[in-house]
Every structure is written in C-alpha cells, then in structure tokens.
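Chains as they are written, first to last, in the working numbering: chain A, 341 to 628; chain B, 1335 to 1761.
Worth flagging that the hints you see were computed from the coordinates, not collected in a lab.
On a predicted model such as this, the values are computed, not experimentally measured, just so you know.
Think of the CB as a built atom: it goes at the ideal place given N, C-alpha and C, for glycine as much as any other residue.
Hints may contain errors.
[What the hints assert, rightly or not] Restraint-style ranges between C-beta atoms, simulated for each label pair:
id, chain 1, residue 1, chain 2, residue 2, range
1, A, ILE444, B, LEU1761, 25 to 31 Å
2, A, ILE431, B, GLU1649, 54 to 60 Å
3, A, PRO619, B, ASP1625, 46 to 52 Å
4, B, GLY1624, A, MET341, 30 to 36 Å
5, B, ALA1715, A, PHE439, 38 to 44 Å
6, B, ASN1430, A, PRO619, 28 to 34 Å
7, B, GLY1624, A, ILE444, 54 to 60 Å
8, A, GLY561, B, ASP1625, 33 to 39 Å
9, B, GLN1576, A, ALA527, 57 to 63 Å
10, B, VAL1466, A, GLY561, 37 to 43 Å
11, A, PHE439, B, THR1735, 41 to 47 Å
12, B, PRO1718, A, VAL422, 41 to 47 Å
[To be verified] Going by beta-carbon spacing under 8 Å, a handful of chain A positions derived as facing chain B:
id, residue
13, VAL452
14, ALA455
15, THR467
16, ASP514
For reference, the chains in residue letters:
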Amino acid sequence: MEWVNSIVQGVLLGGLYALFAAGLSLIFGVMRLVNIAHGDLIVLAAYLGLTTTIALGVHPLASLMIVVPAMAAIGYVLQRGVLNRTLGDDILPPLLVTFGLSVIIQNGLLEVYTADSQKMNAGAIETASLEVAGGISLGVLPLIMFATAVAVIAGLQLVFYRTALGRAFRATSDNQDIAQLMGLNKAHVFGLAMALSLAVVGIAGVFLGIRTSFDPAIGPGRLIFGFEAVIIGGLGNLWGTLAGGIILGVSQNIGAQIHPGWQTLAGHLAFLFVLAVRPRGLFPRIEG
Amino acid sequence: MTKSAASNRPTRRAFLTGVSATLAAPAIMRHTRAYAQNPVVKVGHVSPRTGPLAGFAEADEHVLGAIEAIFADGLENNGKSYGVEIISKDSQSNPNRAAEVAADLILGEEVDIIVAASTPDTTNPVADQAEVNEVPCITTDCPWQPYFFGRAGDPAVGFDYTYHFFWGLEDVIAAFLDLWDHPGVSKAIGGIFPNDADGNAWGDPELGLPKPLAGAGFTLTDPGRYQPLNDDFTSQISAFKQAECEIVTGNMIPPDFATFWSQCAQQGFNPKIVTIGKALLFPSVIESLGDRGDGLTTEIWWTPNHPFSSSLTGESSKALADGYVAATGRPWTQPIGFKHALFEVTADVIRRAADLDDPAAILDAIRTTDIQTIVGGVNWAAGPVKNVTKTPLVAGQWQKTGDGFDLVVTSNAPAPEIAIGGELKLL
Chain A
341 MEWVNSIVQG
351 VLLGGLYALF
361 AAGLSLIFGV
371 MRLVNIAHGD
381 LIVLAAYLGL
391 TTTIALGVHP
401 LASLMIVVPA
411 MAAIGYVLQR
421 GVLNRTLGDD
431 ILPPLLVTFG
441 LSVIIQNGLL
451 EVYTADSQKM
461 NAGAIETASL
471 EVAGGISLGV
481 LPLIMFATAV
491 AVIAGLQLVF
501 YRTALGRAFR
511 ATSDNQDIAQ
521 LMGLNKAHVF
531 GLAMALSLAV
541 VGIAGVFLGI
551 RTSFDPAIGP
561 GRLIFGFEAV
571 IIGGLGNLWG
581 TLAGGIILGV
591 SQNIGAQIHP
601 GWQTLAGHLA
611 FLFVLAVRPR
621 GLFPRIEG
Chain B
1335 MTKSAASNRP
1345 TRRAFLTGVS
1355 ATLAAPAIMR
1365 HTRAYAQNPV
1375 VKVGHVSPRT
1385 GPLAGFAEAD
1395 EHVLGAIEAI
1405 FADGLENNGK
1415 SYGVEIISKD
1425 SQSNPNRAAE
1435 VAADLILGEE
1445 VDIIVAASTP
1455 DTTNPVADQA
1465 EVNEVPCITT
1475 DCPWQPYFFG
1485 RAGDPAVGFD
1495 YTYHFFWGLE
1505 DVIAAFLDLW
1515 DHPGVSKAIG
1525 GIFPNDADGN
1535 AWGDPELGLP
1545 KPLAGAGFTL
1555 TDPGRYQPLN
1565 DDFTSQISAF
1575 KQAECEIVTG
1585 NMIPPDFATF
1595 WSQCAQQGFN
1605 PKIVTIGKAL
1615 LFPSVIESLG
1625 DRGDGLTTEI
1635 WWTPNHPFSS
1645 SLTGESSKAL
1655 ADGYVAATGR
1665 PWTQPIGFKH
1675 ALFEVTADVI
1685 RRAADLDDPA
1695 AILDAIRTTD
1705 IQTIVGGVNW
1715 AAGPVKNVTK
1725 TPLVAGQWQK
1735 TGDGFDLVVT
1745 SNAPAPEIAI
1755 GGELKLL
C-alpha cells in the first residue's frame, strides 16, 4: 500500500512539474527559445501573488486574477523590448540574455523583498485531505494543482490547434519568413507567445507560493525538473510535457520509497534513460 | 597576428612608469604602519549578504555600522592608537565565491586579520584561504564539527592560523534530549536529514544524533538522506507513520520544511514535538507558516534574554536586539549577537597583540583570548579541540503572542545560566 501511495503522490507531483514546464515547452515550441530565467520568473510571480494578497487582503487563489494578467503583460513587453532583439540564427545570445535576466530578477527581488522566506497562506485548504481507500490520503491542494495543470495544458492545446492565434504560432514556428510574407508580424506573435507562457508562469508561481516557502534565490532549483519534463515528453508537445512531469514525479517517488537518497537521482535516471532511448523525447512534435 | 619585435623593447611609457616608481619608492615606503602618523589595522570580513543564506547576514549592515562607529576613535595597542578599517565582502552564499573574496582580501587588500561568519559554506573556505596564506582568521556561526572535520582537521594537530567560536553537535543533542524529556510524548523519533554538510553531520551514526538518542532510550526512524530542495516527502512521512513517531527532528532548509510540514498534515501525520535545526531559526520563516508555525521547536544560540553584555559597549543583549528592531523595524534574529561578538573578539585581539605587524603576535593574542562577550565566554584554551571554543546552547519553542511569534527558552539543562522563559506546549 505504501508503494501505491508513493505512486499516487508522484502523479500529483507530476502535475506540479508539468505546470512549471508548460510555459517552457510553449516558447520553445514557438520560437526555439530556451528561457533560463523561467524559474526566477516563477518566483517573481510568487512575489507578485504575495504582494497582491497582502495589499488587497484577498485569498492567494484570488490573487491569480491580478498575477496572471500582470505576468502576461510583463511577458509581452519583455519579448518585444528585449528578447526579440536576441533571436536569430545563433542560439547563444538568447541563452546569455535570459541568464542575465535570471541574475537581475534574483537580485532585484532580494533588494525589494529581502532574503526572508515567504509563503502565502491559503488557510484550511493547505492541510485539508481526502481519505481514499486503504489509508491513502490525498491532499486537496495537490489535487487542485494537478487539475489545474491538466486544465492549463488542455487550454493551451485548444489555443494552439483551434484558434487563429494558435495557427499564427504554428505558422511562425514552422517557417518564420513565410509567415512574415503571409502578413503575420513575427515580433508580435512572439510577444503573444511569451505573454501566454508567462501567464502560465503566473499560475505556477502562485501555486508554488502556497505549496511551500520561497525566497529570491530559489528559482534556478525549480528549473531543472521543468526542463527534464519538457525533454522527456518531447520537445514542443504540451500533452507530452504533462506525461513527462508525471513520469518524473512517479520515478522520483519510487526512488524515494527505495531510499530517500535515490529520490532525485531516480528522476534524473529516468530522464537519462528516455534521452538514451528516444533522444527526441517520447512524443516529439518538432522535427529537425 | 604575430608579435612584432618592437614590443619586446621597453616603450617610452613603460620606461617612464618604471623610473617614476623608482623615484617615488622612498616616499611610499615611509608609509609602512610602524612609522605612520595614524596607523591602520585592516580587518577583512566575509559573509553571505546575498543568495540563499542571506538571512544570516541581514543584520550585517546594522551591526557593522555600530561597530565602525565604536572603532572610529581607534583602538589602543601598546600605548598607540590604531585606526581600524573593516573591509566587508559578500560570499553570495557560494563557497567558491567565499574563497575567492577571501583570497582577494588577503592578497589584494593585505588585511591583517580576516573574520567570517554563517554556515560552513562561508567559514570553511575563508578559513582554508587564511590557513594557506598564513593570515590570522576568526570565524563563528557554524557548529564546530562541520567547521573542524569539514576541513579535514586532526584533533591532535589542529590548525595554525584559524580559530572558531560557536557550539557543537553534542550541545544540540544535549539541548534536544532535555527538550524531548516530556511525560506526554513517546520515545519514538523520526529523523529527517538532507544530504548536505549539516544533514550528514547530524545524521552520522557515530558522531551525530543516532548514538546518543539510543543511549537515552529513544528509537530513531531515519529513512536516509534526501536531496535538498525536495518536492515530496511521502516516503519519509509513511515511514514515520508506520513507526508511530511522536517527535520529528532534523536539519532542513525553510522551503523543504514548509513542503514537508504541509504534506504531514495532508497525509494525516501529526507529531507532538517538531524540532528542526536551521529552518526554524528565523522569525520570518515562522511567520510565513502562519498558525502552522506555532509550537515548533529549535535550538537557541542567543536571545535578547541571554544574561550577557557586550565587552565593547557594555550594552545588554536586550539593548543590542532592541537597537536593531528600532533601527530596522524588523524582528531580532540570532546571528545579531554572534556578529557583534565576532568584532568584540577582534577588537580584543587588536588591543592585546604584542605587535600588530607580526601575524604570529596576533595569533598569540587570539590563543590567549579570555573575554565575556554578548554570546558568552570566548576562551580558546577551554575548547573541545585546538582552534575551537564553545558558547552556551539551549532549546526552545516558537509561541504565538498576539500577532507575532516569540522564541521562548523552554529547556536549559546544558546551560543553566540562561533563564527559562516558559513551558513547552505539545502540538
């Protein structure tokens, strides 16, 4: 029964990883941009959520109403103001710029919010749980997070394959120059993609802030599992990212059940195994 | 591009620089300290101002400001007044960076004494640099085992240039055993230790918690070391549930503890005492946990109620903490006392050194230190090993008082001179 419990909790953990990774997967799919500052942006969103909760006295989940649009706006401005200038044939400049951005965000947050550990208090929901058969209890908060991750990915999938915006994303992703010829403004499309990505980051950040405590330096540590989830699932495939997150979460928890020292290692081993067997990930969408 | 032959000959600029340096040499050399009108002692200071450990150094600006004001009049040494220049560098919470800035202070700034504080990640690299470059070094705010054994110290030999004052694991163990000695709690303990310098030291079967716990009749359930910044503690929680643990102890970072503590509630595990090192030191962490922070227990190195006062200013522990609270509007933290004490010891050494130009004389002064600081007595003749001396340690509980939390000393068997502030309440 312990094993079943471990695996179930691992699946829920996978939802968290998928939420962290969805934004990464999205912008990589559209513009092949690897955003090193992704983890720090999640922390930035958590701080925005915290500020909103304190300033307006609202429940952390209600702060999403403000954090998500705010992050989307930051994303659009960031893309058009900074990142668009770095995109080109060379993949190095965007990497370096997002790396610099990561340092700037961390130190900016440290200046404004100090190094204090912060956490958002969501009240009873944090510790509430549902008793399932056989002594397995599932936390309400992890369940909400998992459901949100599924909903976010379903939503993104819908945008990508059922809307004009999604068509623009896919067209630009396939061939930037021809998309330009067809009357799409590449800079604007990329701006919207980053806005969408950071909107997801906003959700991830608020959930991170409710789930555990955070400080300005914690971002990069949250990044690695996001990257692994994207790569396990296959580059550019959103459902794949969810699958990747779950595979990562479950293998970590199985590892932990054997010995806690194996927890992180088991996740990395699963990642390496997938990379060795299917270098493009399990369900790749992007060729070449 | 090949190097032209011309570049090997001295250029006009190089020639002039060389000549003027030679001419100026006597003028510059007259400014060695012994002959100067206002001789200055340089003290290098390394602490983690930014990065994950920044909480430990958050009071630095305030404490150093006060210290510099005291040093402004100079310190008396052998009848002569010496100015003191403190050069502070940020380790960015990174041991490599700490070593780099320490080397910079020693070789670039040519400091006479180097001091450092806060966790093995700062004290160890700085002390190692000082040892290699033969500069006297004083450190604090890191249990002595990770400091001493973490640097491969041999108790029989010790180090030549580096000295440390703080408490050790044996003190934590004694303080915790005293804290857990409560009639309402069974003797089953769950141990949760990360795979880092502190976690490995605490969980070490020989030198850490397991042996003394067994000696005192406790049964320890230790599932094994986990990687810090963990997202899921299901396996530990189910192991603790199975062993019916009523006490949980360990050494965690704040985000790991927050994850663990909410998962405990979600998965129906409710221990009666939770005593965690490191994560529960700072009031900001407890406040961020809300009501779930009430009643958690931790080790206590220093509080405003400690019966000690500063050898530099004569102010009491309470006055020092109140000064910080009034100046910054933030709650007091434990490192404040130790940062102040670090400069108390430094000032004492500067006053007593037979010859401030001679590192050996400074070392002699460190070795013969015997002062009462704001954190207790510092005297390296009385340490557990050469280079280490210990300050008193007790344990206590975060208790909710009105809007905020108060850190209350609830057990003091290892250091009875520190008064008890209240009763331990079970969770």
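To see whether the hints hold, each was checked on the structure:
Look at ILE444 (chain A) against LEU1761 (chain B): about 41 Å separates their beta carbons, and that is not inside 25 to 31 Å. For ILE431 (chain A) paired with GLU1649 (chain B), a C-beta distance near 59 Å keeps the hint of 54 to 60 Å intact. At about 49 Å, the beta-carbon gap between PRO619 (chain A) and ASP1625 (chain B) stays in the expected band of 46 to 52 Å. Between GLY1624 (chain B) and MET341 (chain A) the beta carbon distance is about 32 Å. The supplied range of 30 to 36 Å therefore holds.
For the pair ALA1715 (chain B) and PHE439 (chain A), the supplied restraint of 38 to 44 Å is violated, since their beta-carbon distance comes to about 50 Å. Roughly 33 Å separates the CB atoms of ASN1430 (chain B) and PRO619 (chain A), a value that falls within the hinted 28 to 34 Å. Take GLY1624 (chain B) and ILE444 (chain A): their Cβ atoms lie about 31 Å apart, and the range 54 to 60 Å is violated. A hinted range of 33 to 39 Å is violated for the C-beta pair GLY561 (chain A) and ASP1625 (chain B), which are about 27 Å apart.
Range check, GLN1576 (chain B) to ALA527 (chain A): about 58 Å between beta-carbon atoms, so the 57 to 63 Å window is met. Remark: the range hint 37 to 43 Å for VAL1466 (chain B) to GLY561 (chain A) is contradicted by a beta-carbon distance near 32 Å. At roughly 45 Å, the beta-carbon separation of PHE439 (chain A) and THR1735 (chain B) lies within the given 41 to 47 Å, and the hint holds. Taking 41 to 47 Å as the suggested C-beta distance range, the pair PRO1718 (chain B) and VAL422 (chain A) does not conform, at roughly 55 Å.
Annotation: interface hint on VAL452 (chain A) violated; nearest CB of chain B at approximately 13 Å, more than 8 Å. Restraint check, ALA455 (chain A) versus chain B: the minimum CB separation of about 3 Å is within 8 Å; hint holds. The restraint placing THR467 (chain A) at the interface with chain B holds, with a minimum CB-CB distance near 3 Å, inside the 8 Å limit. At a threshold of 8 Å, the smallest CB-CB gap from ASP514 (chain A) to chain B is about 36 Å, leaving the interface hint violated.
Checked against the numbered hints listed earlier, the structure breaks hints 1, 5, 7, 8, 10, 12, 13, 16; every other hint is satisfied.
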